[in-house]
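Chemist: Spelled out, the chains give:
Number of protein chains: 2
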Amino acid sequence: MSTYEDLMGFTRETQALAQVAGRLDWDQETMMPRGAAPQRGEEAAAMASVLHARRIDPKVGAWLAALDGVELDETAAAQLRHIRRSYDRTSKVPAKLAARIARVTSEGQGIWAEARRTEDVALFLPVLKEIIALRVEEAQALSGGGPLYDALLDDYEPGTTGPELEMMFGALRPELANLRAAALEAPAPPELTGHFDDALQMTLTRTLAERFGYDLQHGRVDKAVHPFSSGSGLDVRITTRTNPTDPFNCFYSTIHEVGHATYEQNISRDYLLTPLGQGVSMGVHESQSRIYENQIGRSRAFTGWLYGQMRDTFGDFGIADEEAFYACVNRVSDGFIRTEADELQYNLHVLLRFDLERALISGDLAVDDLEAAWNDRFAADFGFAVDKPSNGVLQDVHWSVGLFGYFPTYSLGNVYAGCLKEAMRAAVPDLDGALAEGNTAPATNWLRDTVQTHGGLYEARDLITRACGAEPSEAPLLAYLKEKFGVIYNL
Amino acid sequence: MSTYEDLMGFTRETQALAQVAGRLDWDQETMMPRGAAPQRGEEAAAMASVLHARRIDPKVGAWLAALDGVELDETAAAQLRHIRRSYDRTSKVPAKLAARIARVTSEGQGIWAEARRTEDVALFLPVLKEIIALRVEEAQALSGGGPLYDALLDDYEPGTTGPELEMMFGALRPELANLRAAALEAPAPPELTGHFDDALQMTLTRTLAERFGYDLQHGRVDKAVHPFSSGSGLDVRITTRTNPTDPFNCFYSTIHEVGHATYEQNISRDYLLTPLGQGVSMGVHESQSRIYENQIGRSRAFTGWLYGQMRDTFGDFGIADEEAFYACVNRVSDGFIRTEADELQYNLHVLLRFDLERALISGDLAVDDLEAAWNDRFAADFGFAVDKPSNGVLQDVHWSVGLFGYFPTYSLGNVYAGCLKEAMRAAVPDLDGALAEGNTAPATNWLRDTVQTHGGLYEARDLITRACGAEPSEAPLLAYLKEKFGVIYNL
Numbered sequence: 449m450s451t452y453e454d455l456m457g458f459t460r461e462t463q464a465l466a467q468v469a470g471r472l473d474w475d476q477e478t479m480m481p482r483g484a485a486p487q488r489g490e491e492a493a494a495m496a497s498v499l500h501a502r503r504i505d506p507k508v509g510a511w512l513a514a515l516d517g518v519e520l521d522e523t524a525a526a527q528l529r530h531i532r533r534s535y536d537r538t539s540k541v542p543a544k545l546a547a548r549i550a551r552v553t554s555e556g557q558g559i560w561a562e563a564r565r566t567e568d569v570a571l572f573l574p575v576l577k578e579i580i581a582l583r584v585e586e587a588q589a590l591s592g593g594g595p596l597y598d599a600l601l602d603d604y605e606p607g608t609t610g611p612e613l614e615m616m617f618g619a620l621r622p623e624l625a626n627l628r629a630a631a632l633e634a635p636a637p638p639e640l641t642g643h644f645d646d647a648l649q650m651t652l653t654r655t656l657a658e659r660f661g662y663d664l665q666h667g668r669v670d671k672a673v674h675p676f677s678s679g680s681g682l683d684v685r686i687t688t689r690t691n692p693t694d695p696f697n698c699f700y701s702t703i704h705e706v707g708h709a710t711y712e713q714n715i716s717r718d719y720l721l722t723p724l725g726q727g728v729s730m731g732v733h734e735s736q737s738r739i740y741e742n743q744i745g746r747s748r749a750f751t752g753w754l755y756g757q758m759r760d761t762f763g764d765f766g767i768a769d770e771e772a773f774y775a776c777v778n779r780v781s782d783g784f785i786r787t788e789a790d791e792l793q794y795n796l797h798v799l800l801r802f803d804l805e806r807a808l809i810s811g812d813l814a815v816d817d818l819e820a821a822w823n824d825r826f827a828a829d830f831g832f833a834v835d836k837p838s839n840g841v842l843q844d845v846h847w848s849v850g851l852f853g854y855f856p857t858y859s860l861g862n863v864y865a866g867c868l869k870e871a872m873r874a875a876v877p878d879l880d881g882a883l884a885e886g887n888t889a890p891a892t893n894w895l896r897d898t899v900q901t902h903g904g905l906y907e908a909r910d911l912i913t914r915a916c917g918a919e920p921s922e923a924p925l926l927a928y929l930k931e932k933f934g935v936i937y938n939l
Numbered sequence: 449m450s451t452y453e454d455l456m457g458f459t460r461e462t463q464a465l466a467q468v469a470g471r472l473d474w475d476q477e478t479m480m481p482r483g484a485a486p487q488r489g490e491e492a493a494a495m496a497s498v499l500h501a502r503r504i505d506p507k508v509g510a511w512l513a514a515l516d517g518v519e520l521d522e523t524a525a526a527q528l529r530h531i532r533r534s535y536d537r538t539s540k541v542p543a544k545l546a547a548r549i550a551r552v553t554s555e556g557q558g559i560w561a562e563a564r565r566t567e568d569v570a571l572f573l574p575v576l577k578e579i580i581a582l583r584v585e586e587a588q589a590l591s592g593g594g595p596l597y598d599a600l601l602d603d604y605e606p607g608t609t610g611p612e613l614e615m616m617f618g619a620l621r622p623e624l625a626n627l628r629a630a631a632l633e634a635p636a637p638p639e640l641t642g643h644f645d646d647a648l649q650m651t652l653t654r655t656l657a658e659r660f661g662y663d664l665q666h667g668r669v670d671k672a673v674h675p676f677s678s679g680s681g682l683d684v685r686i687t688t689r690t691n692p693t694d695p696f697n698c699f700y701s702t703i704h705e706v707g708h709a710t711y712e713q714n715i716s717r718d719y720l721l722t723p724l725g726q727g728v729s730m731g732v733h734e735s736q737s738r739i740y741e742n743q744i745g746r747s748r749a750f751t752g753w754l755y756g757q758m759r760d761t762f763g764d765f766g767i768a769d770e771e772a773f774y775a776c777v778n779r780v781s782d783g784f785i786r787t788e789a790d791e792l793q794y795n796l797h798v799l800l801r802f803d804l805e806r807a808l809i810s811g812d813l814a815v816d817d818l819e820a821a822w823n824d825r826f827a828a829d830f831g832f833a834v835d836k837p838s839n840g841v842l843q844d845v846h847w848s849v850g851l852f853g854y855f856p857t858y859s860l861g862n863v864y865a866g867c868l869k870e871a872m873r874a875a876v877p878d879l880d881g882a883l884a885e886g887n888t889a890p891a892t893n894w895l896r897d898t899v900q901t902h903g904g905l906y907e908a909r910d911l912i913t914r915a916c917g918a919e920p921s922e923a924p925l926l927a928y929l930k931e932k933f934g935v936i937y938n939l
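So the protein sequences, as listed, match chains A and B. The opening position of the first sequence corresponds to residue 449 in this note's numbering, with each subsequent residue numbered one higher. The opening position of the second sequence corresponds to residue 449 in this note's numbering, with each subsequent residue numbered one higher.
There are no misleading hints in this set.
Chain B stretches covered by chain A per the calculated footprint, using a threshold of three residues with CB under 8 Å from any CB of chain A:
(1) 471–482
(2) 494–508
(3) 665–677
(4) 681–690
Just so you know, the hints here were simulated from the structure itself, not pulled from any lab data. Virtual Cβ for every residue (Gly too), placed ideally from N, Cα, C.
Please take these sequences and the hints and turn them into a complete structure.
Modeler: Have a look at this one:
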């Protein structure tokens, strides 16, 4: 077993270094003095280069070869599966190509930000073309002749394929579009108005974080421009933001990030600083953040408790009762922006991107035609026209940093959350009774024990199937959304 | 020149990684959640291991060999001198010994903390013996038959020797002891009483930091248990602390750390992320922190301005006028603790440690006799007895983490500060006029241009000689202290 232990010792050190690199990113978004940016760029590049060298280290290849065919227990076999996948993927991409992708995507983000600021799509297209060409080249190196898009998807959601997602999402899209139209035709719920003190928002946000099981002995809450969760194991930090007229933004960003963060915190400590010691895929990660945020956090029962908390914190804020508050939290309204979309419309935004990016990678859609394709699709699904690029094709950073195959994991996470919510309702008695008292433990403990604790032990799809007792499908999500918004909007 | 560029490219990446490791330490003292400590230990160890491997990388040896005898300009020659010194030192210490030192000193700190907490010297002695034996073994590997203590000193103050310091410090000790006794016999200046709001202390501390030229675009101020400065180049952060009854602790800790931090910030940007891009030695570093803190910050002129600031901030705090405030800031009183000592007595504390640690390394003093030796020496220099180990031999962390040869750099820094202050007074017209208005720019700009900007270009002693136009000596420090405390205490 000494070969396995040597490999794991080396891997553990690599994992520790990856945590350091992640902490550096956290620092950059929260603490770093502005003027440090150029130096930080070199520091981050040096860490990336160390990590890359370790991931393709010939020692790893030799250890893997020596362990080929050796019988291992379930845990060791799973560790090896992750290490082999990472080694194979990293080794297949020529160093020169990897370096070019790193350089071009680093430039791409700056160009995209400038293009978005000046509403100038043409400024962004040349670098986008280059990014797509490079990622296609990478996908060719990775795919072994298989579908290019699946090779990219594999970075974020190993084991899932484009056609599988296409089938799920294809079933969702018309139903969501219909539900959306119906809700927008019905009388609108009340809107939140008034001013909500920043410090009080942060106090209540910390209460919410702890209510959802976030462990502040192994984490911390700071403010950042974009909320995120960072780190694994014993040090998992989140950020949130405040907006004086929109406290829901703060509260539900926090609950969302707490979903990500408690997933990392609740992974079995046996897996600390190993490949199993992290969330298994982006889709499963998003399932945790979304089920915390939506199926639990925006439920009738929990919003009842939150209404009382908000009254205690802010006094009368103009919403008459729990029912009105529930409708207000789940208000459906027109909007251009994915990240601001409500639970009902969110997946329509993602599906748009999924379809367009597959067409970009396959070459069916030329980059020059992207804006028109975006605007046509948006008008078809949302019934009104994009008014400017920053509200359309330039709104997301993802493509500018080379993230192709990432968007669908958002909706896959929602699909998984739908499945998990159905299974949880069946397994946990009187969930709503607890939620109505602000007690999320029955829900979050069930998620901890069926999903989170396993870390990377099972493949994503397998993990969800084990937790739910059934193969994942879009049906539970759809049924849940129809039922929920049917009640709120009297459909 | 391509060999030189290859070497510098590799070195630059190493420097960037060293900055990351430093940032990790900063995070640990300021931001890290408590429960993260075990994981952080592994992260820091992984970074240390990466850095160690790069410092003894055979590539570096080959580049250095290829550059041997090649003519280089002054800057490149200085870069090479630093790289060669680091490579030679790191390579001379067997990997096994380095690993044992790392392990034992890491244990040592915990044992020391427990011994200090329980006032149990015997608990600490076994690990201290081991640490000394290991560092002696290291010194033997490094010294090439020369003096062992100098080999250790070389880690912190390259180019300075034990006998040189012995001569300087030997001249200081009796004079300081006499001055101390005289001051303590004279009527005592007023003491600060009352309560000083924490938030107001932090506001004034930020003002002070900026007044001393600290650039908050490339730094930040946080609270920590022990004040420190961290980082080089474009990201140099400081910490301070507050004590409701002792605002001077906050203000002068801040000014001290700002001295360290502006030194790093003011090094020529041409040297960013190279061996020249850092303070050249611990002694020179301490000269900057001490001249900011004492010769400038505790001067009659500057304290006059500070008195007004404190009145504006806290209202009447019981000190009648600027003269009384100046005496109060520079009050000499009995105390056991080095870090709390006033400017007059501080070096007596350091000299005690310098003499004892040289005797420990040479074997003239047995570890079992250390406490008695400490207590005897303390009684001789300070005229009263140590009451408990935490006020005596267990008060400092240094030896428990293997720092032998470090203490004297504190007093060397004070000696250098004395020299620099004399030269600065001669070079800068109406320094006191500016300081009386809270304007430190004439002083700090002179230090920037004569000392700080050069980074590691010159050896420490050479740098001070160039700045002052004379070889360093203890005489200016002594003359300054005699004059200053002579006035305050009417001696």
